[in-house]
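Enquirer: The residues making up each chain are set out below.
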Amino acid sequence: MTFSQKNIISIKDFSKKDIKYILRVAERMEPIARSKETSNLLYGKILGMLFYEPSTRTKLSFETGMKRLGGNVIGFTEAAGSSMTKGENLADTARMVGEYADSIVIRHEMEGAARYVSDLVDVPVINAGDGAGQHPTQTLLDLYTIKRIFGKIKNLNIALIGDLKYGRTVHSLAYALALFNVKMSFVSPKELKMPDEIVHDLNKIDVVARETENIHDVLDKVDVLYVTRIQKERFPDPEEYQKIKGAYLINSELLKGTDLIVMHPLPRVDEIAYDVDSTPNSKYFEQAFYGVPVRMALLKSII
Amino acid sequence: MTFSQKNIISIKDFSKKDIKYILRVAERMEPIARSKETSNLLYGKILGMLFYEPSTRTKLSFETGMKRLGGNVIGFTEAAGSSMTKGENLADTARMVGEYADSIVIRHEMEGAARYVSDLVDVPVINAGDGAGQHPTQTLLDLYTIKRIFGKIKNLNIALIGDLKYGRTVHSLAYALALFNVKMSFVSPKELKMPDEIVHDLNKIDVVARETENIHDVLDKVDVLYVTRIQKERFPDPEEYQKIKGAYLINSELLKGTDLIVMHPLPRVDEIAYDVDSTPNSKYFEQAFYGVPVRMALLKSII
Amino acid sequence: MTFSQKNIISIKDFSKKDIKYILRVAERMEPIARSKETSNLLYGKILGMLFYEPSTRTKLSFETGMKRLGGNVIGFTEAAGSSMTKGENLADTARMVGEYADSIVIRHEMEGAARYVSDLVDVPVINAGDGAGQHPTQTLLDLYTIKRIFGKIKNLNIALIGDLKYGRTVHSLAYALALFNVKMSFVSPKELKMPDEIVHDLNKIDVVARETENIHDVLDKVDVLYVTRIQKERFPDPEEYQKIKGAYLINSELLKGTDLIVMHPLPRVDEIAYDVDSTPNSKYFEQAFYGVPVRMALLKSII
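Chains as they are written, first to last, in my numbering: chain W, 47 to 349; chain D, 47 to 349; chain X, 47 to 349.
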């Protein structure tokens, strides 16, 4: 697709070529994101931010991206938002912001909210997470992180670990990685396995992921360990949860001797021990940074 | 008046010439508001925003206006504001912001708050709504909307409909329209009639508005239907409210065959049905947009 | 010290030469802070603001400073912050913002928070108040105010009055003033005397402050009356508090015939009567303004 004025709703709307294009543009944005170069590419432009749910990282990296490019933002976040938009529905609020801004980025708890809004307004809409639905800019920054660290995505060995059943992030990432000929492993407790539907979709394009409950099955083989949180609420039995939590905890002891990288969409709770932070394996803060050039690349391309 | 460093407190401070001047400047601002041109007219300038009450549209359009002109904003909105200004009164807060900013825009629940603040600070103050008092920038954008759509205001036939008793917006608008030789109608339930004092003021300058309870009396005559909300709280008897609500509901059925335009200061609750949105009569989102060039014109003129 | 990339944690890290340097730079920043000149010195730069406690003046003056210099800010304030950072600790939040911004300014209720954060991130950190700890930018703007009004700090007669026991502001200010050969007086109820440790530290460098409970002992001698609030919570007996409050109230009657200046870090509650505002003695709003050029000087120097 050509990106000018396009909506960014789902990673499934992106061809492999589209993804590669955005990652290439992101690379050109990096010196600006690192404050080594200045730019006025988006001078006078306004991004409207509708954050009906809190999301510090996503919000701040979009804001940083706009501002580093000379643009600016308007809008609201949940805490203020709840009272600010009292008595007005999503449609009217979005149409209003669509009158003011050059693009809208929306996070909403309702699946499909971003696509719904994109049908109402004349400016391009970016989905920053819609409940159990999509979060395409997270997937793009995950891919960019891998690309920047290994110089490629192709042929890498990548394990997704944690809650693979409910985790929106890993679903989108699995689809996107499938385009790049990677070797995938899915590591999760049996209660939180990757949904059959996704496994089946991947099989249809000849991608067969190894599935296991045991992290040690993949540890000496993978280049990337992509960790997600396992939520207590998924387990009726607290003891069962404690056992699972222990078995999936990533700490420096576990990583000793490996040269894999650890990624995480953040925020973490306690699935990655703090002693990992100072190891060379830890890449999740670098990954958070890469949200800026990737979102800059999208903003530059659609506005 | 010359606008440099002037306070914008009440539409009554504006002569017809003043209004026409602002509308003309707003027209020049429109390409910038539409992001077709860029400007650095207010580069380095700061607008201080004191929103003690929520007001998404007013706040975001002021913000958009400043940022499109290369300026920026500081300040707070109610949700954050309540805790941020804990223990400090309006006077001290306003004086502080007056030390930092080039102009202050204030919304406050207390009538007279904007004028009170304008006496305390050295920078020009814009009233963005003071309780039952004034909201002059709303009136100016209403006039601008009419001017842009019809090419003129003079000689148009304009009906104000809904709560004409408590509605600050329609009071200010009636005074301003009276300067432009329009034919006015006031359509409201008898409990919510335009106050005698205003009717009397208009009569003194030979403006006689038609008053009626029945929307059908005006429907085939008017160019503009300016709708405002009727609040449930005004009616002790809920059944009475339901009857009134039904009689004043604007829907596409009612508008069929007319070419009048429907305006509304927004947010709406249920006084305009959603099926009106896609009719050519609907102009309330366009009206919301015009808040940007009109507020740009004011900011440019006073700062 | 050379300031580039330095953390600003405590006024004790500043030599007299450092302070004089910042005050000199602040003077050059003043025309920009007053909006008489524009600057793009920090164009494209981002200040990350982590305000875990509300602090309107400090926050807005940092924001104003960045924006007047062409830069911008990201971050959050307490009200929004509490929900935005739900489930994420200070360390992870700070590291994230450190990835996005060129510098971080933090206010936190925990003493030592700013230094803790400065050890975690790669960008310079500014302490905007850490509980009972330090608030160095307040001290610098206090010094700048005195310098601007008297043309010098040396040899002035300066009284600190109010709660000298718990007041972080007066502790830092006393240390800084000691470098400038001023004559200091400490005026407080005996329950709220300057801590022995600080008096002792000052004595070691041959600074002997006069200590008294009676404001009238200093009134005809001082050039500066630096007032701080006496909090009700410090007194178990409400009657005792009322008596103290009355004895330390600054009003226009008290100041009659003097030409001292009254300073206050603000917000005030009722320790300075409103009738002082219109006297020539009152300098606390001007002092609030000076927060802008002083913070600009720091931002310019470290980023």
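Some clues are possibly wrong.
Dumping the calculated BS3-like pairs for lysine-lysine here, alpha-carbon to alpha-carbon at most 25 Å [as the list claims (entries may be wrong)]:
1. W/291 to W/239
2. X/82 to W/82
3. D/66 to D/250
4. W/52 to D/82
5. X/52 to D/52
6. W/289 to W/62
Derived coverage of chain D by chain X (criterion: at least 3 residues anywhere in the stretch with Cβ under 8 Å from a Cβ of chain X; other residues may be distant) [to be verified]:
7. 64 to 70
8. 85 to 92
9. 108 to 122
Part of the chain W face toward chain X, derived, beta carbon under 10 Å [said to hold, decoys possible]:
10. 115
11. 237
12. 293
Calculated directly from the structure, the hints in this document are not laboratory data. The beta-carbon is built from N, C-alpha and C at its ideal position, and this holds for glycine as well.
Enquirer: Each of the hints needs a verdict: does it hold here or not?
Expert: Do the hints match the structure? See the list:
1. W/291 to W/239: Holds. Residue 291 of chain W to residue 239 of chain W sits at ~15 Å (cutoff 25 Å).
2. X/82 to W/82: violated (29 Å)
3. D/66 to D/250: holds (23 Å)
4. W/52 to D/82: holds (18 Å)
5. X/52 to D/52: violated (43 Å)
6. W/289 to W/62: Violated, at roughly 39 Å.
7. 64 to 70: violated (count 0)
8. 85 to 92: holds (count 4)
9. 108 to 122: Check passed, 4 qualifying residues.
10. 115: holds (8 Å)
11. 237: Nearest chain X Cβ about 22 Å off; hint violated.
12. 293: violated (22 Å)
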